[in-house]
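Novice: All chains, please: the whole structure from these sequences, using the hints.
There are 2 protein chains.
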Amino acid sequence: MEFFYFCTMPKISNRGANMPASPIRKLVPFADAAKKRGVHIYHLNIGQPDIKTPPQLMEAVKNFDTEVLAYIHSQGTPQYREKLTQYYQKSVGVTLSPDDIITTTGGSEALFFGLFACLDPEDEVIMTEPFYANYNGFSKAGNIKIRPITASIEDGFALPSIENFEELINSKTKAILICNPSNPTGYLYSKEELEQLRDIALKHDLFLFCDEVYREFVYDGRTHHSVLTLEGLEQHAIVIDSTSKRYSACGARLGALITKNQEVIASALKFAQARLSPPTFSEVGAMGALDVPASYFEEVVKEYISRRDLLVQKLNEIEGVTCPTPGGAFYVMAQLPVQDTDHFCRWMLETFNHNGASVMMAPGSGFYSTEGLGKTEVRIAYVLNKDDINKAVECLAEGLKAYQNI
Amino acid sequence: MEFFYFCTMPKISNRGANMPASPIRKLVPFADAAKKRGVHIYHLNIGQPDIKTPPQLMEAVKNFDTEVLAYIHSQGTPQYREKLTQYYQKSVGVTLSPDDIITTTGGSEALFFGLFACLDPEDEVIMTEPFYANYNGFSKAGNIKIRPITASIEDGFALPSIENFEELINSKTKAILICNPSNPTGYLYSKEELEQLRDIALKHDLFLFCDEVYREFVYDGRTHHSVLTLEGLEQHAIVIDSTSKRYSACGARLGALITKNQEVIASALKFAQARLSPPTFSEVGAMGALDVPASYFEEVVKEYISRRDLLVQKLNEIEGVTCPTPGGAFYVMAQLPVQDTDHFCRWMLETFNHNGASVMMAPGSGFYSTEGLGKTEVRIAYVLNKDDINKAVECLAEGLKAYQNI
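In the order they appear, the protein sequences are chains W and P. Numbered as in the working numbering, the first sequence ends at 425 without a single skipped number. Numbered as in the working numbering, the second sequence ends at 425 without a single skipped number.
Among the hints, erroneous ones may be present.
All copies of an identical chain are treated as equivalent in the list; a pair is satisfied when it fits inside any one copy or across any two copies.
Stated by the list, open to error - Mimicking SDA-like on lysine to any residue, the simulated pairs with C-alpha atoms at most 20 Å apart in a straight line are:
| no. | residue 1 | residue 2 |
| --- | --- | --- |
| 1 | Lys30 | Thr192 |
| 2 | Lys279 | His223 |
| 3 | Lys321 | Val87 |
| 4 | Lys30 | Ile165 |
| 5 | Lys71 | Ser314 |
| 6 | Lys71 | Asn82 |
| 7 | Lys30 | Glu253 |
| 8 | Lys71 | Asp84 |
| 9 | Lys410 | Glu182 |
| 10 | Lys191 | Met28 |
Worth flagging that the hints you see were computed from the coordinates, not collected in a lab.
Specialist: Laid out in structure tokens, this is it:
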């Protein structure tokens with residue numbers, strides 16, 4: 020067997036090589052190393068809130084009694100989907116059938132099923148950048164091409180002019196994907212903006228994907244409009260949803276793909292069948308979460324508003340930092356007075372500490388598809404309490420000072 | 020907005036259209052309808068055993084106490100992966116590092132990450148057919164081409180001659196994928212067969228994927244050999260594993276991708292990061308399951324052997340039915356005296372009942388990639404107790420008699 024010695028190592032795929040590392044998670048090894056050195060890390064890099072998971076979710080899992088932990092329906096149990104339609108009726112104002120819903124393993128899997136069910140390799144999807152970094156990952160996994168339209172920090176990341184969309188549309192364009200309110204910018208789209216997108220989707224016969232996992236987190240008395248409520252868009256609108264964000268249960272990994280387009284449902288369901296079943300414990304928990312009263316969100320929203328106000332104010336007080344005030348979700352994109360936030364964020368973990376602490380943020384570049392953009396921006400998640408936010412921003416300010424001198 | 024009235028519906032993708040419906044699950048609506056008519060259905064279609072989930076798994080979840088149900092590491096928590104290496108040391112005889120493991124949402128996701136990390140669209144993977152139907156689904160999702168080599172029921176589905184593999188290998192061939200012991204045939208590969216595969220993988224520099232989720236279920240005193248133990252194959256061997264099957268916890272959805280090839284791990288980890296985290300409850304349960312003593316498997320294996328023996332004997336007693344005796348897993352592929360088992364299996368649910376009961380089986384065609392093959396075969400899972408198996412086979416025998424006369 021002399022070929023043992025001659026054989027090389029088999030090569031990974033190009034799509035594997037081209038998959039982006041998560042900008043949210045790629046600095047984890049440096050944070051871990053800092054923690055090992057005894058440095059306290061404020062995690063503002065990831066949308067993992069410190070808000071308590073509602074007891075309804077946790078108790079449902081604790082009380083789940085079964086002799087055999089069995090598969091559930093690939094689409095999610097009919098009972099769960101039925102109960103979910105009541106949530107949509109009440110909170111979104113849309114009448115759905117349980118058949119319009121596929122229960123997924125987190126919003127991530129809903130995105131995977133939706134994109135793969137609707138787009139072929141080389142097909143194009145238009146996104147406004149900065150966008151949620153993992154849209155990049157799932158698109159690359161499916162060899163789908165992202166055509167970005169850049170939203171600008173000066174406009175608070177509002178919807179770019181609709182002409183920009185028209186310019187990019189060609190025979191390969193199959194969809195537009197937005198996130199509302201947006202991760203990473205926190206921007207909340209107005210009804211008018213959504214109607215502009217509706218019109219262009221209908222005109223060019225495109226799917227309009229909308230990631231609405233932060234739907235409940237909208238501020239200053241404004242209203243969230245779901246694409247599911249846009250008249251005439253029933254066959255084009257596809258919503259990505261998630262229990263994880265709504266009920267501060269990131270580890271639940273229970274989401275949903277929602278559309279009235281039954282051809283999309285049938286196509287996505289085949290992907291769902293291939294992976295057999297959503298996690299049973301997660302669906303049991305999500306079922307419990309649906310009993311959480313609306314008052315829960317009032318409290319949480321109040322808390323997020325006060326965190327946002329504090330964070331935005333404190334950030335803007337730092338010389339050279341710009342941060343618009345977002346209308347929803349729990350993120351801001353801030354511009355820092357540095358040339359390369361990839362380097363700066365890593366340096367904050369590897370080298371810097373202020374009173375034994377440092378801050379982990381997500382470098383902006385990973386949220387852009389256009390090469391070279393976002394290098395002066397960071398995404399900051401206001402998922403910690405106000406005391407921690409205060410300390411973290413102070414630490415960031417000190418870090419920026421020290422960084423000027425290296 | 021007159022275009023409202025002219026617009027057509029946007030089209031789903033070709034890959035969505037081409038995704039196969041699961042042969043295991045596509046008959047579910049007919050089973051549901053039968054149940055609504057009051058017919059009892061023996062579910063031999065799906066690998067969902069009635070064996071009790073070990074209390075160690077269920078208790079771990081019940082006792083999991085946390086205020087915030089948080090994400091875990093994309094790769095799985097270090098503690099869990101560390102504990103898993105102890106299982107592999109003891110049960111498989113291989114020394115692994117926690118870095119050789121990515122925790123996944125079921126074996127399904129391990130397959131997804133593994134295939135996508137290693138194969139590009141149009142790349143080819145060789146499989147012996149019949150193969151686990153969802154290999155087809157994940158390959159189609161990734162636009163990966165399956166090149167099948169047919170194993171024959173006359174040989175009990177043993178490994179086809181290695182020359183058949185050589186003939187299919189070309190510049191697009193990137194991997195061989197087997198399942199050991201096999202779903203759907205129950206065939207257990209010998210060390211010699213695995214070494215033949217090892218030699219060809221090394222000679223042509225191919226990845227050898229092995230789905231070993233049924234590793235613990237091998238019968239008649241035979242030994243399971245993991246591809247992880249094959250000398251010289253360290254950079255080529257990739258194992259798909261799962262808690263769900265091992266501990267009769269199908270709904271747990273907790274699996275693993277295992278390889279010593281760090282380039283594959285790094286590539287797969289980017290896919291894992293894109294979906295953020297495995298389900299937290301599931302990993303907590305899987306951690307508990309690792310405390311299940313080896314004696315647990317002795318009992319379960321004894322039970323499966325007696326079920327297998329009963330099923331195989333009873334099936335072969337039916338005129339025109341052929342069923343080899345498998346060496347592992349909990350499935351058989353049986354040949355029935357009908358022309359088209361897709362039609363027969365549906366008919367069993369839609370039309371037939373015997374004393375108010377009928378049997379659900381998985382039609383064979385879905386386990387083959389070659390058009391036209393498997394049409395006289397069914398996969399039967401011996402996941403019910405012997406009393407039910409007896410009744411189910413009697414029901415099948417009566418069904419076959421009645422079907423001759425339609």
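Novice: Provide an ascending list of the numbers of those earlier hints which the structure does not satisfy.
Specialist: 9
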